[in-house]
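Here are the chains, one letter per residue:
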Amino acid sequence: MKLGTRIAACLVMVLMLAACGAKEESGRVQIEFFQNKPEAKGSFDALIEKFNQSQSEIKVVQVNPPDAETVLKTRVVKNDIPDIIGMGATDTYSLLAQSGIFMDLTNNPLLSQVDETYVQMLKDVAGMDEVTGIPYSTNANGVMYNPEIFKELGLSVPKTWDELLATAQKAKDAGIIPFYFTYKDDWQTVLPFNALASNLEGIEFYMDRRGGTVTFAEKYREIAEKQLALMDYGHGDNFGKNYADGNRGFARGESAMYIQGTWAIPEIRKANPDAPIGFFPLPTGDHPEENKLISGVDTLLAISEDSKHKEEAQRFIQFLLEPENSKQYITEQTLFSTVEGVTQDDPAVAELLPYLERGQVIDFADHYIPAAVQLNSVIQSFLQNRDIDGYLQKLDTEWDKVADRR
Amino acid sequence: MNKRLMPYYLMTVPAVVLFFVFLTLPALQGVYYSFTNWNGFGDNFDFIGFKNYINLLKDGNVGNAYWFTFKFAVVVTILINIFSLLIAMGLNARIKARNFLRGIYFLPNILSVLIVGYIFNYLFSNVFTIWGQNLGIEWLSTNILGSEQHAWIGIVVVAVWQGIAYNTILYLAGLQTIPQTLYEASNLDGANRWQEFWKITFPLIAPFFTINMVLAMKNSLMVFDQIVALTNGGPGRATQSISHLIYTGGFEGGEFAYQSANSVIYFILIATISIVQIRFLQRREGDM
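Those sequence lines, one after another, are chains A and B.
Numbering-wise (the working numbering), the first sequence opens with residue 1 and increments by one.
Numbering-wise (the working numbering), the second sequence opens with residue 1 and increments by one.
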């Protein structure tokens with residue numbers, strides 16, 4: 001069977017060629033840094049360059065593919081896990097952490113350098129006692145507003161839910177779009193939901209929901225009503241505009257407010273470098289002192305359990321955590337640092353700082369909802385058909401169905 | 001081994017091996033996983049028998065996706081065939097710049113579906129709406145893709161626009177097999193245009209009609225790229241096709257095994273529909 005051996009030889013060749021992809025450079029240990037934020041590629045490139053030049057033993061290479069979370073999952077299937085993984089503290093992180101692919105960092109000295117609040121957040125998201133990631137940067141979600149329009153109309157920053165609606169009404173009466181909704185992208189519909197759900201029912205709700213002792217139908221009616229109430233203050237085509245349209249529109253001063261995350265600021269400034277931007281947490285109730293800012297881990301750094309270079313990976317993370325480098329990163333990305341003493345000086349987010357300093361923050365509610373529930377599309381559909389009972393019931397049935405399939 | 005057969009083996013065996021390794025094997029693996037509760041990664045999973053299939057039947061989202069996909073496929077198949085036959089007849093007539101026009105009409109097929117989708121996405125949200133506002137037409141002044149009731153129309157428009165090109169070429173090929181003498185003879189008998197079409201043209205291109213119906217149906221049942229680029233299944237799940245559901249549920253939702261079961265059913269369905277269609281339409285060809 002000469003032919004058979006020939007084919008076998010060909011296949012072996014192909015496999016070998018594929019395996020020859022990444023080899024270590026002479027004398028230097030090469031480690032792979034995989035991260036999921038396309039916006040941050042440039043910032044990390046600069047930091048990696050600096051790290052690689054600072055010493056001669058380790059060389060870090062960045063990988064930042066499109067649709068990174070999916071790519072990461074397929075690489076996990078192939079047992080080809082990057083040495084260091086940078087990603088958000090989402091349900092995907094929770095799934096991966098529970099599958100045991102990350103190194104346990106519970107008593108690691110690296111953890112002592114970052115804010116305790118966010119370490120706890122990682123534990124809550126993953127539902128585990130071990131810590132498998134180091135929170136690196138955090139974001140905030142609230143209401144962006146245009147200070148110039150506010151000044152013109154004599155408006156002040158609202159502190160309660162009623163004031164928020166009153167402010168929106170005044171803008172509407174003056175012929176200005178109160179909120180620029182960008183609900184063609186379904187993930188945008190989740191932003192007000194996060195603020196309302198986390199503040200009004202808290203994250204404990206999800207622990208109870210996992211245990212099956214509460215339902216959305218019992219607890220989420222007020223949240224649903226307030227989600228709908230906001231819809232009266234959009235523009236004419238709330239479901240026809242997407243995130244990019246919204247950033248452009250707000251940058252041009254088309255609306256007074258814009259419910260958004262801090263991550264949009266660099267995008268808005270791309271459209272208009274001088275765009276006036278202010279930021280306040282979405283008021284959800286009657287007591288301003290109880291209102292918390294929604295803030296979650298934007299990027300956490302995890303090390304692969306299978307990595308042969310754990311020591312080197314930790315050295316790189318240590319480098320990233322140095323105040324100077326952390327500062328450089330958050331300044332370019334308008335995020336917040338988890339490192340003690342590193343502050344965000346951007347005037348656009350100045351009003352949010354007191355909340356972060358006091359620790360008056362709470363995590364995104366949707367980080368606790370399994371991705372298979374597809375919360376985004378459930379909310380997007382609800383805001384169109386305005387059926388509160390159907391919506392709450394849908395959340396419960398979807399949750400139970402997914403739990404049943406796991 | 002017979003010396004004379006050697007070249008044939010040399011040509012077919014690699015193809016068979018490649019086909020088996022890259023297509024058949026993954027498909028079989030998919031069937032295997034559909035009986036487990038694997039989430040797509042990690043090593044631990046159990047066999048759960050037909051539980052995934054039973055859950056599929058109970059899942060309203062799955063029913064919704066199948067219903068949407070069938071409606072969509074039927075509408076698109078009919079529209080594509082009507083328009084591409086008309087265009088093919090136009091391009092087959094004695095007109096100026098015939099070859100140039102044939103090239104132009106084929107262009108949509110060359111462009112990437114995703115790029116076309118993103119261009120149309122922009123048109124729907126930022127161009128048509130402005131026309132609508134300026135002309136005072138209400139239904140045009142909001143983005144059609146943002147409406148639960150009407151978003152599917154937007155996708156149909158793009159799918160038809162792009163799908164026509166390929167089927168037009170097939171119909172053109174078919175039209176060129178018809179001998180001109182038949183038309184000359186019918187002219188002498190005094191047949192009108194309408195009779196000419198139904199008595200000569202359409203029966204003689206019947207095999208092409210069959211293949212175009214089957215291809216258009218299969219392609220629109222598998223619709224994916226257009227949906228990703230235009231609505232991403234939204235608003236809500238109003239435009240979620242089966243393949244989009246399998247992708248989002250399986251990869252983003254981490255329910256690999258569950259959606260594997262869905263894709264097994266989906267595969268059986270598409271195969272059945274295609275076979276039934278071919279059987280039915282070929283019998284019709286014989287009758288004509």
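Derived by calculation from the structure, the hints in this document are not laboratory data.
The model shown is predicted, which means the values in this text are computed figures rather than measured ones.
Glycine included, each C-beta is placed from N, C-alpha and C at the ideal position.
A couple of the hints might just be wrong.
[As the list claims (entries may be wrong)] Restraint ranges, calculated between C-beta atoms of paired labels, are given here: (1) A:Asn385 with B:Ile275: 46 to 54 Å; (2) A:Glu332 with B:Leu140: 54 to 62 Å; (3) A:Lys270 with B:Trp194: 53 to 61 Å; (4) A:Lys41 with B:Leu25: 53 to 61 Å; (5) B:Leu25 with A:Gln53: 26 to 34 Å; (6) B:Thr177 with A:Ala403: 57 to 65 Å; (7) B:Leu111 with A:Val71: 49 to 57 Å.
Check your understanding: Is the hinted range of 26 to 34 Å satisfied by the C-beta distance from Leu25 (chain B) to Gln53 (chain A)?
Key -> The hinted range 26 to 34 Å is violated for Leu25 (chain B) and Gln53 (chain A), with Cβ atoms some 46 Å apart.
Check your understanding: Range hint 53 to 61 Å: satisfied by the CB atoms of Lys41 (chain A) and Leu25 (chain B)?
Key -> 36 Å, violated
Exercise for review: Kindly confirm whether 46 to 54 Å is satisfied by the beta carbon distance between Asn385 (chain A) and Ile275 (chain B).
Suggested key: Since Asn385 (chain A) and Ile275 (chain B) have Cβ atoms about 39 Å apart, the given range 46 to 54 Å is violated.
Exercise for review: For the range 54 to 62 Å, tell me whether the beta carbons of Glu332 (chain A) and Leu140 (chain B) fit it or not.
Suggested key: Given about 42 Å between the Cβ atoms, the range is violated.
Check your understanding: Falls inside 49 to 57 Å, the C-beta gap from Leu111 (chain B) to Val71 (chain A)?
Key -> 26 Å, violated
**Study point:** Range agreement (Cβ of Ala403 (chain A) with Cβ of Thr177 (chain B), hint 57 to 65 Å)
**Key:** Since Thr177 (chain B) and Ala403 (chain A) have Cβ atoms about 59 Å apart, the given range 57 to 65 Å holds.
**Study point:** Outcome of range test on Cβ distance (Lys270 (chain A), Trp194 (chain B); 53 to 61 Å)
**Key:** Once the Cβ atoms are compared, 59 Å apart, the range 53 to 61 Å for Trp194 (chain B) and Lys270 (chain A) holds.
Hint compliance for this structure: hints 1, 2, 4, 5 and 7 are broken, all remaining hints hold.
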